[in-house]
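**Student:** The residues making up each chain are set out below.
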Amino acid sequence: MAKKPEYGLLIDYEYCTGCFACQVACAQEHKWPAGMGGIRVIEIVENLPNDKHYLKFMPIPTELCVLCAGRTKKGEKPACVHHCMAACMKYGKIEELAKEINKPRMVLWAPRA
Amino acid sequence: MTEDGIKKIRTTTWSGGPGCHGGCGVIAHIKDNKLVKIEGDPDHPMNRGRLCSRCLAMTQIVHHPDRLTKPLKRIGKRGENKWQEISWDEAFDYIEEKMNKIKAEYGPESMTFSMGTGRDVGAWICMLAYAFGSPNVSFAMSGNGCYSPRIAATEIVLGDYCVFDGGQWLPKGHNDPGYKVPECIVIWGYNIPASCPDNIFGHWVTDLMKKGSKIITIDPRLSFFASRSDKWLPLRPGTDGALAMGFLNIVIKEGLYDREFVKKWTNAPHLIRQDTGKLLRESDLDPKGSAQNFVVWDKRANKTVIWDSGCAGYKAEVGEAALDCEFDITLANGTKIRATPVWTKFCARAAEYPVDKVAKITWLKEKDIIEAAHLYAKSKPASIQWGLAIDSTPAVTPTATAIASLWSIMGNLDVPGGNPIARYAYNAVAYALPGAKGVIKLEDKEMDKKRIGYNDYGPFREFIWRTQTDKMFEQIFTEKPYPVKGMWLQCCNLIGGTGYDPKKWVEALKKLDFVAVTDIFMTPTCQMADIVLPATSFLEKDSIRSWWVPLQTINKAMTVDECRSLIEINFEMAKRFDPNFKWKTIHDLFDEILAPSGMTFKELQKKGWSIPPDGNPSAPYHRHERGLLRQDKNPGFQTHSGKVELYSTLREEWGLDPIPCYEEPPFTPISRPDLAEKYPLILSTGRRSPVFFLSEHRNIPWLREADPDPVVEIHPDTAKSFGVENGEWVWVENWMGKCKLKAKVTPIVPRWMVMAAHGWWFPEKEGAEPSLYGMWDSNINQLMPMGANGKDGLGTITKHLLCKVYKVNGDF
Numbered sequence: 001m002a003k004k005p006e007y008g009l010l011i012d013y014e015y016c017t018g019c020f021a022c023q024v025a026c027a028q029e030h031k032w033p034a035g036m037g038g039i040r041v042i043e044i045v046e047n048l049p050n051d052k053h054y055l056k057f058m059p060i061p062t063e064l065c066v067l068c069a070g071r072t073k074k075g076e077k078p079a080c081v082h083h084c085m086a087a088c089m090k091y092g093k094i095e096e097l098a099k100e101i102n103k104p105r106m107v108l109w110a111p112r113a
Numbered sequence: 001m002t003e004d005g006i007k008k009i010r011t012t013t014w015s016g017g018p019g020c021h022g023g024c025g026v027i028a029h030i031k032d033n034k035l036v037k038i039e040g041d042p043d044h045p046m047n048r049g050r051l052c053s054r055c056l057a058m059t060q061i062v063h064h065p066d067r068l069t070k071p072l073k074r075i076g077k078r079g080e081n082k083w084q085e086i087s088w089d090e091a092f093d094y095i096e097e098k099m100n101k102i103k104a105e106y107g108p109e110s111m112t113f114s115m116g117t118g119r120d121v122g123a124w125i126c127m128l129a130y131a132f133g134s135p136n137v138s139f140a141m142s143g144n145g146c147y148s149p150r151i152a153a154t155e156i157v158l159g160d161y162c163v164f165d166g167g168q169w170l171p172k173g174h175n176d177p178g179y180k181v182p183e184c185i186v187i188w189g190y191n192i193p194a195s196c197p198d199n200i201f202g203h204w205v206t207d208l209m210k211k212g213s214k215i216i217t218i219d220p221r222l223s224f225f226a227s228r229s230d231k232w233l234p235l236r237p238g239t240d241g242a243l244a245m246g247f248l249n250i251v252i253k254e255g256l257y258d259r260e261f262v263k264k265w266t267n268a269p270h271l272i273r274q275d276t277g278k279l280l281r282e283s284d285l286d287p288k289g290s291a292q293n294f295v296v297w298d299k300r301a302n303k304t305v306i307w308d309s310g311c312a313g314y315k316a317e318v319g320e321a322a323l324d325c326e327f328d329i330t331l332a333n334g335t336k337i338r339a340t341p342v343w344t345k346f347c348a349r350a351a352e353y354p355v356d357k358v359a360k361i362t363w364l365k366e367k368d369i370i371e372a373a374h375l376y377a378k379s380k381p382a383s384i385q386w387g388l389a390i391d392s393t394p395a396v397t398p399t400a401t402a403i404a405s406l407w408s409i410m411g412n413l414d415v416p417g418g419n420p421i422a423r424y425a426y427n428a429v430a431y432a433l434p435g436a437k438g439v440i441k442l443e444d445k446e447m448d449k450k451r452i453g454y455n456d457y458g459p460f461r462e463f464i465w466r467t468q469t470d471k472m473f474e475q476i477f478t479e480k481p482y483p484v485k486g487m488w489l490q491c492c493n494l495i496g497g498t499g500y501d502p503k504k505w506v507e508a509l510k511k512l513d514f515v516a517v518t519d520i521f522m523t524p525t526c527q528m529a530d531i532v533l534p535a536t537s538f539l540e541k542d543s544i545r546s547w548w549v550p551l552q553t554i555n556k557a558m559t560v561d562e563c564r565s566l567i568e569i570n571f572e573m574a575k576r577f578d579p580n581f582k583w584k585t586i587h588d589l590f591d592e593i594l595a596p597s598g599m600t601f602k603e604l605q606k607k608g609w610s611i612p613p614d615g616n617p618s619a620p621y622h623r624h625e626r627g628l629l630r631q632d633k634n635p636g637f638q639t640h641s642g643k644v645e646l647y648s649t650l651r652e653e654w655g656l657d658p659i660p661c662y663e664e665p666p667f668t669p670i671s672r673p674d675l676a677e678k679y680p681l682i683l684s685t686g687r688r689s690p691v692f693f694l695s696e697h698r699n700i701p702w703l704r705e706a707d708p709d710p711v712v713e714i715h716p717d718t719a720k721s722f723g724v725e726n727g728e729w730v731w732v733e734n735w736m737g738k739c740k741l742k743a744k745v746t747p748i749v750p751r752w753m754v755m756a757a758h759g760w761w762f763p764e765k766e767g768a769e770p771s772l773y774g775m776w777d778s779n780i781n782q783l784m785p786m787g788a789n790g791k792d793g794l795g796t797i798t799k800h801l802l803c804k805v806y807k808v809n810g811d812f
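One line per chain: the protein sequences are X and D, in this order.
The letter at position 21 of the first sequence is residue 21 when you use our numbering, and the numbering goes up by one with no holes.
The letter at position 324 of the second sequence is residue 324 when you use our numbering, and the numbering goes up by one with no holes.
Please keep in mind that the hints were generated in silico from the structure rather than gathered at the bench.
Be aware that one or more of the hints could be misleading.
[Stated by the list, open to error] When the alpha-carbon atoms are kept at most 20 Å apart in a straight line, the in silico SDA-like pairs for lysine to any residue are as follows:
no. : chain 1 : residue 1 : chain 2 : residue 2
1   : X       : K56       : D       : S227
2   : D       : K37       : X       : G75
3   : D       : K37       : X       : E76
4   : X       : K90       : D       : Y482
5   : D       : K744      : X       : N47
6   : D       : K742      : X       : V45
7   : X       : K74       : D       : H29
8   : D       : K31       : X       : R71
9   : X       : K52       : D       : E254
10  : D       : K7        : X       : K56
11  : D       : K210      : X       : L97
12  : D       : K231      : X       : N50
13  : D       : K214      : X       : Y13
14  : X       : K74       : D       : K7
[As the list claims (entries may be wrong)] Each pair of labels, with its calculated beta carbon distance range:
no. : chain 1 : residue 1 : chain 2 : residue 2 : range
15  : X       : G70       : D       : P708      : 29 to 37 Å
16  : X       : G70       : D       : P177      : 53 to 61 Å
17  : D       : P708      : X       : N50       : 30 to 38 Å
18  : D       : E371      : X       : M58       : 28 to 36 Å
In this text, a Cβ means the ideal position worked out from N, Cα and C, and glycines have one as well.
Using the sequences and the accompanying hints, generate a full structural model.
**Tutor:** As structure tokens, this is what we get:
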């Protein structure tokens, strides 16, 4: 069985503006070529009743996410968290982050890392 | 700072290329003169560690294999993409010879100097143009339709410019005790997260949303903000003026405005003659009186009192200046006239926009307009941040003056969390935007009168030190009143980006005797040049950034081959052209620009950035009350009357409507039902991509993968009715031309409108004509006419043309 993950990313996706800073920050940090990377941003246009819609962006860690082990060892934030324009991403211990889910529209990722 | 041989250099983003409007603090990690990484500076007050995708891709930009690295001289015909590398000395000699020939044969004004959007370009291109002796510096977009018009319009109303308050003037930002979180922020025609904001950091708004700011979004398109707004007003593009007038009507009718502010700080009490419809002036009452002074009616003493514009005060005590009614007044020549205060006229104008009429014009629901007006009016403080959409209509000035009047009469002007007046930090002006006067100026006032547009349009005499671009375009062909023979394009992709009707612009550039272009990559515009000069990015130069706050230096972190900064290029040429050129070194020039701050370049560089302290005229708040806005240090504003002008003295002088109003744009289903029959969809363009800056970045792999194709957003129902499916290539066409875009079928656009991506060319395709990097395939500007501007020469039709959409048959 895989090891229980200790660290993760808490994303307050209500504020994710779809700016792609996380995606490119990751590519820069880990020198990924275009088309690969540890986090990808997707756009979802949700259809709601009465011809209403909600525009949602979601950063999703991929199989390549290592939670920036090299950076966090030095006390730095992961590249995506550091640069997130909307400051809607947080890195930390999953148990601590879970306590910070104090509003709707948040997601806690435990990447493969 | 060193670590593994890596030098970490703190600097500021801002250069002619790559984007943007800059100002973020970054830390460049340099190893062996190569950029290995760039990070947001956590200590910097603008971005506080954050950084956008474009900047995070800098390693792929500065070391790009296609980077221009040496001066190139054309050896084939224009457009053949045949070049010879030459040395800088050869390049400078060649340019000097060509430009001096134009000067000798036609005069210096026949040489024009064009820039793109406002970056670390403007100051230095002006320095070059003025040293050469030409007044013709241009921002090469139709109707100068980006930022300058809004600035000029705000100056018309209140003598300065305003932005929304994100706490940028306070050392601790929005955590500063002197700051108030806006209860409501109005995002007007502006998709901040994806855009390149006008010198504010877009995501300050998301910061404030987390602190409880409510949002009103005015945008036909469902943006990030629209999705999260308390009120979203998806108005018909170009009808913002009607909405603003509707808001004014509601707040006036319901008494929600700040009456004390209106009485004390606006020209609401100044009397208007009913016989001429113009302001009553002291000279009307007294032959020795000044035509610059105005007249109010003292209700208590039942007499007129003179307002002295020169010192922004009354000449005698006033019991209570009347804001309404009509008064009989006898002029110096004995004529009896009736006069009405400005406020009465202003209210009457607003009353022409009842909510049912506004709903009909804007295609909004009455209820939504009223609720939005109430939310804004009842929030204290409330802030309005407008975007480029406001400039993108010919009636930009009537629209923007309406909006600036709105935030003023609501008491949100220069208050914490409202709309503070934005000035250059410490009044250190490098790049003079409308209204500002800096160290770099054209000394020859007579020569300035030859500036294209100067004689045609008031704002170009009063505020905007540029050519009127459409007139310049016309003049290239007519050669009247004098020929235009040369153009220096500085980081300005006129053909692939800024220029409407690009086919005609290619013709225009080909007609010129001499074209020089500076840039960091080859562009379609470079293909029209005789000489192309390789410029630096912000990482490869020393410079200063003075644009609102903070005041900061840009610090050279590395070099790339033979690239030179724009300031170095312009400085060298300016020295050659002007025997009396004032500065010996670039640092002398920096020091003179920075002098009002009391710091030299070196001193500022050590600090990194500096925010002016309270009490400095460039630091808010309440400056009109504290005598910090006017040169004479009296309370008031630096308008002609010294007051917030709800009735514009300048617009009256220019023969234009002095009170805000709505004007229907020229190519809409309402103004041109004949065209709408053939072209049933509203064509809107110019919406920003989060990964591109205007026409840049299509050659940067990390960015292109996020936004690979030029798209047109089309509503699913509309797409269905036109037989178009998601991801299919379609023609977007109107009477001007057509282009191929990829349909992005999405309900974020209304059924009646399509939104086309702009600035598209394909750096990966053939550069030589006829391809011009595949630009003719997808450049939406082929559908945009030049010359569709407002009565004051400003504004354009970017957001509201008409088109039809149909499937491309065959391969593309």
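**Student:** A separate judgement is required for each hint: does it hold in the structure or not?
**Tutor:** These are the hints, each one checked on the structure:
Taken as a hint, the X/K56 and D/S227 pair is honoured in the structure, with Cα atoms around 8 Å apart against an allowance of 20 Å. A hinted pair counts as satisfied when its Cα atoms are at most 20 Å apart, and D/K37 with X/G75 qualifies at roughly 18 Å. Pair hint D/K37 plus X/E76 holds up; C-alpha atoms about 15 Å apart against a cutoff of 20 Å. Of the pairs offered as hints, the one joining X/K90 and D/Y482 is violated, with about 62 Å between alpha carbons and a cut-off of 20 Å exceeded.
Distance hint between D/K744 and X/N47 is fulfilled; the C-alpha atoms sit about 16 Å from each other, no more than 20 Å. Pair hint D/K742 plus X/V45 holds up; C-alpha atoms about 18 Å apart against a cutoff of 20 Å. At roughly 16 Å between alpha-carbon atoms, X/K74 and D/H29 fall within 20 Å of each other, so this suggested pair holds. Proposed proximity of D/K31 and X/R71 is supported: the alpha carbons are some 18 Å apart, at most 20 Å.
Of the supplied pair hints, the one linking X/K52 and D/E254 is violated, its CA atoms being roughly 31 Å apart against a limit of 20 Å. Taking the CA atoms of D/K7 and X/K56, the gap is near 39 Å; set against the 20 Å cutoff, the hint is violated. Using a Cα cut-off of 20 Å, the hinted pair D/K210 and X/L97 holds, with the two alpha carbons roughly 18 Å apart. Restraint check for D/K231 and X/N50: satisfied, since their Cα atoms lie roughly 16 Å apart, inside the 20 Å limit.
Note on D/K214 and X/Y13: the hinted pairing holds, with a Cα-Cα distance of about 18 Å set against a maximum of 20 Å. The hinted pair formed by X/K74 and D/K7 meets the criterion: a straight-line CA distance of about 17 Å does not exceed 20 Å. For the hinted restraint 29 to 37 Å between X/G70 and D/P708, the CB-CB distance of approximately 30 Å keeps it satisfied. Between X/G70 and D/P177, the C-beta spacing of about 39 Å breaks the proposed range 53 to 61 Å.
Checked against the given bound of 30 to 38 Å, the beta carbons of D/P708 and X/N50, roughly 34 Å apart, stay inside it. At roughly 30 Å, the beta-carbon separation of D/E371 and X/M58 lies within the given 28 to 36 Å, and the hint holds.
In terms of the numbered hints stated before, the structure departs from hints 4, 9, 10, 16, listed from lowest to highest.
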